[in-house]
Structures are given as structure tokens and as C-alpha cells.
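Heads up: the sequence lines are chains X and A, in that order.
Numbered per the numbering used here, the first sequence spans residues 1138 to 1454.
Numbered per the numbering used here, the second sequence spans residues 110 to 362.
Please keep in mind that the hints were generated in silico from the structure rather than gathered at the bench.
Incorrect hints may appear among the rest.
Said to hold, decoys possible - List of simulated lysine-lysine pairs, DSS-like, C-alpha gap at most 27 Å:
1. X/Lys1286 with A/Lys355
2. A/Lys355 with X/Lys1284
3. X/Lys1310 with A/Lys355
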Amino acid sequence: MSTNAHNFPAQVPVRVDPRIPARIGGARGKTGLVVRPIRGVSTNVPKVGLSDICLSYRTHSGERLLALDHINLQVKAGEFLCIVGPSGCGKSTLLHLIAGLHQQTSGEVLIDGKRVQGPGTDRILIFQELGLFPWLTVGQNVEFGMKMKGIGKAEREEKTRYYLRLVHLSQFKDSYIHQLSGGMRQRVALARALATEPDVLLMDEPFAALDAQTRDLLHDELERIWFETGRTIIFVTHNVREAIRLGDRVALLTFRPGRVKREFPIDLPRPRVLEDTHVAHAAREILDELREEINRSLEVEYNVGVKPRVEPAVEQR
Amino acid sequence: MKRAARLIVFYAGLIALWTLLAKLKIWPPYLFPTPWGVGEALYAGFKDHSYWIAIAVSMRRVLIGYAISVVLGMILGLGVGSSKFLEETMGGLLVSLQSLPSICWWPLALLWFGLSQNAILFVVIMGSLLSVTLAMEDGRKQMPKIFGMAGRNLGASGFQLFWHVLLPASLPFIVSGLKQGWAFAWRSLITAEMLYLSLGLGQVLMVGRDLNDMSAVIAVMVLIIAIGYVVDGVVFKSMERHLQHKWGLTAST
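Just chain X, with the same shape it has in the complex:
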């Protein structure tokens, strides 16, 4: 087992993207020594394929409620896909299905063309509530996935150090979670997910609870880390501007049952600024479509106007 940094795979995927100003890869690019190269980059098989995913469950009153309706989505290796939709559209559930934590009623989740059977460390989900372990230190949290895989102590420590540096939390290695701020916890969750070196990173409204300044900062950091590590990211949010700020593509889901309403390629130069007029313009287009769905969701939630197609069932989870 190699304990030496120089023995780690050397072929770090270097993304040459003319849209990216030099400051992002920058000096930091040279430190990208531990990252495992991504499999299947050159093939045509999508990294993540969702084919005809349906999910329905029984409500308390015994009716079947369709939550997800024939979702078809393909995500290329290294792509940053954002999924937006009104609350209750099943976007979080979709991530849970990809992570293998729940079972869809029908359809398939494919990773590199292979069917997902359950949880696997090739896809790591960052939960909305994070789910950091309060009984472990920051370092031990980051180490956790590697420990479960049976990776040796020396290598674990090396990588923990690397990923903590990546999220700028090196000094907090021995802190406990409750001692950190919201933004810092967010970064621990990111480091913990990255440290298991998943091909696919699934993020469930990770920045929703943060203040605007922290969120801007974390957008920059996430984008930088995405470039440095070359992961495929599926990012769920209800914030359209955030989706445009980060995504290569934005998929809009409808309200109950969740369907893919439209996909928007985002072809703006990076790094994008939230206040930028191009971002605002793109957001307008998506928001117009989204508003319709939000209105429908409000009708159901508040039981006003048109009678909803389904009873407002309690979401079970």
C-alpha cells in the first residue's frame, strides 16, 4: 500500500476548458495528486442513465400516489447537471434512488450502463441535512467512507489531509461538528463525500440553509473542486439562479408527479456571477416555466382554486 503521495495515480483528469479563467485551476492544480482518475470518460455510455423511472407509494388513506413519472435523464461523465423543481416534485427522492437508498417502482438507474442494485461508493449523496456524524471529529468524518472500504490508515490520513485542504478546513481536523458554522459543515460534508472518491456526486439542496455570502463562496469552491476532481455532479435545488450559476445543464421537473418538463443547456462562460445579466436572462426563461409548476403546487398545498388531481398526501420518508 502506497503511503507516498508521489505514487498516487498521476493522470489527474485535467479539464481544459477555454471558458475557465486561469484563476480557478491556478496554483492549486499542482496539488491534485491524490485524486483517482475517472473511469469511462472516453466512452459514449452516459455516466448516469435514468430510464423510465417511476415511483409510487401508498398514502395513509390507501391510495397510490405517483411521485415520479417516467423520468429519463442522461448525465455525461464530468457533467454538472442541476435539477430544479417546486418542492414536492420528488427531486430529492430521485437522488435517493440514484444513491440506491430507495427502490424505484419501475425503471432503471444505470451507472456506466450497469444497473444500480443498492448503495455504492461510486455515487455519494450529500444530504440536505448533511448527516455528518457528531460523535466523530471532522477528520474522522472525512475518513469514514475510506475506513468502511478497508483502506489502510496511512493512505486514509494522507487523503483526509488532502481533501480537508481542498475545502480549506485543514485546521479543523480535530474539531467536532457542533463547533463549526453552517458553511463549514457544508464543506465537511463535501470533503467526506469526495474522500470516498465517487465518480458521481449527488447533492440535495446543499446550500439552501446558508446565508447569501456563504453560499456565493461555496459556489466558487464547488466549481473549483469540480474542476480539480472532474467528478460528475447532480445537484438538486429549488433556486433557479443557483442552478444556472453552477450547471452545464438544468433539468426542470414538474410538480407531482415529477416529470422532466424541459432541459436547458447553460452555455454561459464560467465562472458565472449570480448578478450577471446573462444569468438573470437565462433564469427568467426557466422561471417562467417553473412558475406554472409552483402555482400548481401551491394550489395543492393550500387547497385553493382548481381542485388538485391528487390529495395532498403526507410524504412518507
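With chain X's structure known, arrange chain A on it following the hints.
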């Protein structure tokens, strides 16, 4: 410091009252000994090593019995807490069994194991197993679901998931149950030891009675209380403090 002063005043007052009652000779001294009579009995007991031996024997038993209870109780509680079927069937049985004083198992234990160490251990286990089980069941339910999901998401499964995630995640919720289990184990042990020549503290207590030596009886009672208090105050308090430090809980669990 203020608290210590208050405690000193309280206990000094208690001993003074005791002395006064003893001095009034309402009851004969062999029924109502003085505090220093008890002190002398304690000194004598430690000097001839009989108390040391009794403590060692009793502690060994309670530690073995309690350890078995904790392991079994955690497995049982986790099972009952995780499965709806087990909860509906076994859950009620466990709660009703808890109303049975553990010493009621003694006749059964005697028939199964004979007059032996194992009979005492059995009673100790039956005394504490249920509180640990119920605490673990409750802890499993109170524990936020996210920890289990995050653990599975990061590649933990089976025993790994239990050991590295479910167990530590439920600790703050089960520490009071563990404490209660300890108290039950200790009480069951002393009760069982009083019933036959067991060498433990319970037997030493009965020897005091047989010899009409009330000072010795009270001395052993003081010892039993002291040991219970020390374990609670040292072991469980430090465990709670440790958990509070890690989890950032301010209120005591």
C-alpha cells in the same frame, strides 16, 4: 465551592441527628448503633480483608453480568427497534416483563444452575437486560434516520453499520438506560447474594444480621450505597460529559 459547603453541612447535620438519637438510647445500642460504631465496623472489616474480598467478589459478578446484559440488550433492542413485527410482538412482552422483580427469577435460576455463581449471574442479567433492551429500542427510534442513511451511503453495511454508525448514534439516547440497567444489576446482585453463602457483599450483610451486629449491617449498607454512587458518579457521569463534549449537548441527557 458553595455546593461542597452545603453538602458538608447537610451530612454533618445528618450524622449529628443520628448521634443524638443513638445517645438518647430510645433503642438499645445493638439495634441502633452510633455512627462511630459503624465506622469501627467498617475499619475492622477492611482490616481483616473480609470487606475487600466481598467487594472484589461482588464487583466481578456485577461486571460480568452487566456486560452480558449490555451486549444482549443492545442486540435485542436494536432488533426490536428496527422491526415493526418484533416491536408489535416482543415489545409488549418486554415491557410487561419489566414489572417482574428480578429476584423472582431466583427459584428458576436455582433449579437450572444449582446453588452456584451462574444462578446469581442469571438473576443479575435478568435484572438489567430489560432496561438496556428497552433503552436501546427507544434510542434506535429516537436516533435521527439520517445517520443510518448516511452510513449506508458511505459504504457501511451489516455489522460495520451497527458498530460504526447505529451504536454511536444512539449512545446519547441510551446512556440513561445503561445507567438504569447498572442500578438494577447492582440491586439484583446484592439481593441474590443475600440468599446463600456467596462470599459477596450481600452475604456479609446477612452475616451481620446472624451475629446481631447492627453496626456491621449498616457498615455494609454504606458500602453498597457508596459503590453504587461511585460507579454512577464516576463512570456514567464521565461518559455523559464525554458525549456532551462531542455532540455539543448542553443539557444533561
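Verification of the hints:
| no. | hint | result |
| --- | --- | --- |
| 1 | X/Lys1286 with A/Lys355 | holds (25 Å) |
| 2 | A/Lys355 with X/Lys1284 | holds (20 Å) |
| 3 | X/Lys1310 with A/Lys355 | holds (14 Å) |
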